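Q: Please build the complete structure, drawing on both the sequences and the hints.
Number of protein chains: 2
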Amino acid sequence: MLNPHLIEFPKMGNPEIGYISVVEQNTLVPFEVKRLFWTYYTPESIVRGRHAHHKTEQVLIAVAGRITVTTELSDGTIQIFRLENPNVGLYVPPHAWHTMQYSHAAVQLVLASDVYNEDDYIRSYTDFKEIWQSK
Amino acid sequence: MLNPHLIEFPKMGNPEIGYISVVEQNTLVPFEVKRLFWTYYTPESIVRGRHAHHKTEQVLIAVAGRITVTTELSDGTIQIFRLENPNVGLYVPPHAWHTMQYSHAAVQLVLASDVYNEDDYIRSYTDFKEIWQSK
Chain A
15 MLNPHLIEFP KMGNPEIGYI SVVEQNTLVP FEVKRLFWTY YTPESIVRGR HAHHKTEQVL
75 IAVAGRITVT TELSDGTIQI FRLENPNVGL YVPPHAWHTM QYSHAAVQLV LASDVYNEDD
135 YIRSYTDFKE IWQSK
Chain B
15 MLNPHLIEFP KMGNPEIGYI SVVEQNTLVP FEVKRLFWTY YTPESIVRGR HAHHKTEQVL
75 IAVAGRITVT TELSDGTIQI FRLENPNVGL YVPPHAWHTM QYSHAAVQLV LASDVYNEDD
135 YIRSYTDFKE IWQSK
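Residue numbers (the numbering used here), protein chains in the order written: chain A, 15 to 149; chain B, 15 to 149.
Simulated from the structure, these hints should not be mistaken for laboratory data. Since no wrong hints were added, every one of them can be taken at face value.
For each label pair, taking beta carbons as the anchor points, the in silico distance ranges come out as:
#1 A:Gly63 x B:Arg80: 26 to 32 Å
#2 B:Tyr139 x A:Glu98: 37 to 43 Å
#3 A:Arg80 x B:Glu58: 18 to 24 Å
#4 B:Asp89 x A:Asp133: 48 to 54 Å
#5 A:Asn28 x B:Tyr135: 19 to 25 Å
#6 B:Lys69 x A:Gly27: 20 to 26 Å
Given the structure is predicted, the values throughout are model-derived calculations rather than measurements. Just so it is clear, CB atoms sit at the ideal spot from N, CA and C, and this is done for glycine as well.
A: Set out below in structure tokens:
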């Protein structure tokens with residue numbers, strides 16, 4: 015079972031022409047991308063996330079601005095990741111309770127291993143602890 | 015054969031909490047996404063693109079900033095699209111010669127129907143006209 019970790023995507027280009035980063039199936043992302051979403055115009059005062067999953071794996075990328083992601087595992091391990099490079103992603107496994115806080119104008123791109131299914135979300139912290147401690 | 019057209023993705027949220035837009039397979043994007051890339055820090059003086067494809071279809075989204083996309087078909091039809099909403103994408107078919115110009119801080123997200131293959135690019139305008147006029 016993979017734990018939260020940063021993924022460095024290729025960054026091709028230079029300051030004179032700009033940069034491009036690429037994801038193709040079966041390369042740096044350890045799952046098949048079934049859903050893609052992006053979040054934007056999130057006020058700095060808002061904390062998003064606050065859930066874990068049963069199965070869904072995700073990669074979060076700050077394609078613009080800065081995102082501070084806090085992950086917590088059921089054994090109490092807490093990590094804080096500051097995403098601020100458009101070529102760096104954070105792998106978030108299903109068993110990580112996670113919260114995100116966004117800088118003004120941040121755009122978060124998320125690659126997910128499954129289509130949306132509310133049943134896959136664990137939105138109670140107590141449930142999260144119980145479910146993932148027992149595995 | 016589909017021509018260039020705008021796609022409006024769902025935009026969920028409100029100003030107090032921010033917004034999210036989503037792509038799942040087989041919904042608004044008329045192909046299976048095999049490659050995903052994003053471009054950033056492109057100087058305003060740079061024009062990107064200047065090619066067509068044999069097969070690859072794409073959807074371009076300005077998830078941050080503004081992108082001006084010019085498409086030209088082999089019959090001479092020219093269209094100019096101004097992308098400036100993170101929930102609006104532009105479908106670019108293989109038979110559209112296209113160029114893009116970016117605002118300062120624009121981030122372009124591209125969904126593509128095929129993995130990267132240089133042989134699929136038509137980088138000569140003359141070849142583009144010949145190849146696509148004959149189809």
